[in-house]
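Here's the letter readout for the chains.
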Amino acid sequence: MRRSSSLARPMLLAPGGLLLLVLLLAPMMVLLSYSFAPGGSMRPDFSAGLTFENYISVLGDPFYLAVIGRTMLISLIVTAASLLLGWPLAYFLWRAPARWRTLLTLAVVAPLLISIPVRNYGWMVLLGDQGLINGLLVGASLVEQPLRLMYTNFATVIGLTHVLMPFVVLSVVAALERVPPELLSAAETLGASRLRAILEIALPLSLPGAIGGAALVFCVAVSAYVTPALMGPSGANYATTLIYQQFISTLNWPRGATIAVVLLIITAATLIGLLGFINKRFSRALRGS
Amino acid sequence: MKDDLTAGYAASRRTFLSGAAGATLTVALPARLRAQSGTIVSTIFGGAFEAAYRRHIVTPFEQAYGAEVILQYGTSAEWVANAMLNADRPEIDVLFLAYPDSIRAVNENLGIVLTPDDVPNVSELHPVWYEDYKRTGVGLDYASWGLTYRTDSGVPAPTSWLDLFKPEYAGRVIVPNLTTSGGFQTLVMMAKLHGGSEDDIEPGFEAMKRLKPSIRKFYLSNPEAGQMMERGDAIIGAMYDNATWYLSDAGKPMQWIIPSEGALVGMVSLHIAHNTRNMELCKAFVNFAISKEANEAFCNEINAGPTNKHAVLSEPAASRVPALQEIIFPDWFKIVEYAPSWIERWNREIVS
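Protein sequence lines correspond, in order, to chains A and B.
Numbers 1 to 289, taken from our numbering, label the letters of the first sequence in order.
Numbers 1 to 352, taken from our numbering, label the letters of the second sequence in order.
Simulated from the structure, these hints should not be mistaken for laboratory data.
Here a beta-carbon is modelled for each residue, glycine too, at the ideal position from N, C-alpha and C.
Simulated coverage check for chain A against chain B, where a stretch passes if three residues somewhere in it have a Cβ under 8 angstroms from a Cβ of chain B: (1) 36–49; (2) 125–132; (3) 225–235.
A few chain B residues that face chain A, going by a derived Cβ cut-off under 7 angstroms, partial list only: (4) Ala77; (5) Phe218; (6) Gly232; (7) Asp233; (8) Ile343.
Here chain A stands alone, though its shape is the one from the complex (with noise of 0.2 angstroms):
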């Protein structure tokens, strides 16, 4: 009876391991290799042994270091805005009267239902020179000319942070659900003002939920694609878009792969170090209150 039981866990493991395996780390490892392949060409040539030039002719170039860095700061402002925007929602619907509750979250998980170009679309229509908002404020007269919304940096954090908001809810939402609220009203009950147990007791017992999904909005937001081709400023200025150029245009594999290979690093450690440090202030923060 031991015996099987022991087994039961790594049988459990082994699908979802297999296939994270074959499907997530034998491509990564493909994509290492060609890393430290000669540049220039789709055809990594491995004779005259692993090279390092990709790397130093990538990060030894202002031109790939600025792509990425914008990449980094448009996905960490992003991040702070689906945080900022969504944990009221998530708090106002864990607040919310049940009848109205599965409706309320129905509206926050929509737009995962339709995809992201539709989306986008949605925005453009928006944020289009002679768009909604454009039309307003020269209708308005407050604007002579349409302001220039779309294809900026400003219309990829628009769009990104449309799509990405819902996962900020929902974490925040199922760490709340774990709060007792009679907890709040505990804390007006012994004096505190509503903000302040809002701030005191909702925010910090629900961080766990928010970091979580700070961290899948973060990711999501430097792998993201489509959004900054169709809503950001012309060429490859986001990390994704400047690696499928490599890979499809100048066909510079090993370049490419180089380049996917910096930017997760540069998102691990980040990611760790914003987890770790906001990790660190929450426990001190709880232990202390």
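Chain A is fixed; fit chain B onto it per the hints.
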């Protein structure tokens, strides 16, 4: 709708992954199944182009030969990558490609030589659509590269490529990014208009730098260009003719013109992979596609130029499609050779 970089942006990340990391996974159909039945795998861009291609070429061929033609979506670049990686056991039997990827395919020797014995209709082609592919591919139809403008914009209609620089259009001009066939053609044309050439691209880059402040966006695909014109984000742009007719026939206030210096040309071509398991059927398919009847019906529907000398266009295509003499042919072999360095320079100097 040539070199439709996007057919679905929805599919972009997926196709990127499949193209790059798992090219062998792209065609899920087992090889055994293909070999047994009369089935070949080919490729296509989505949209209006596909509907006409199926109606006039694929479906009649399937009926005539009792065969099945499976069309795979994506981009030319992905199909060429797939063909190179799977050269021994091709997943795509007949490659349908656009510039510049069709020239890459010729350079990489991805297609068999199509002889008049194997594909009799090659003798009916204009030589340019056969010899230029070193006989390893055949042109299917041509679309012309010129200027599209909004007729309701209140600014004068363009007549020259240099009109793109006019201050009346400033901020509302679109030209393609340097990744599509049109992007290369526009850059080369700008070089030629300013004393340069494919070998001396410097004047082209100088001109694009001067044009940059007027540009609303360096667009990524023909559908995106059409949408930007339709939404009014742009009022003039370098575009393909049939992508414009498609919109103007749907009632959009748009017009396409041949600039006074001449139009350029986009071509899609068919290439048969070496080592395909169904060689005879592939040859029959290519022969059928460039036959007078199929070529004529297909080109009439999409307002494109036929490659078969005997194909006759009817109205409105007849008066819309520029004759071959009105078209400037850039040297695509040189463009393909220089493309990687041009793109790196373009990234830094034009779009960043």
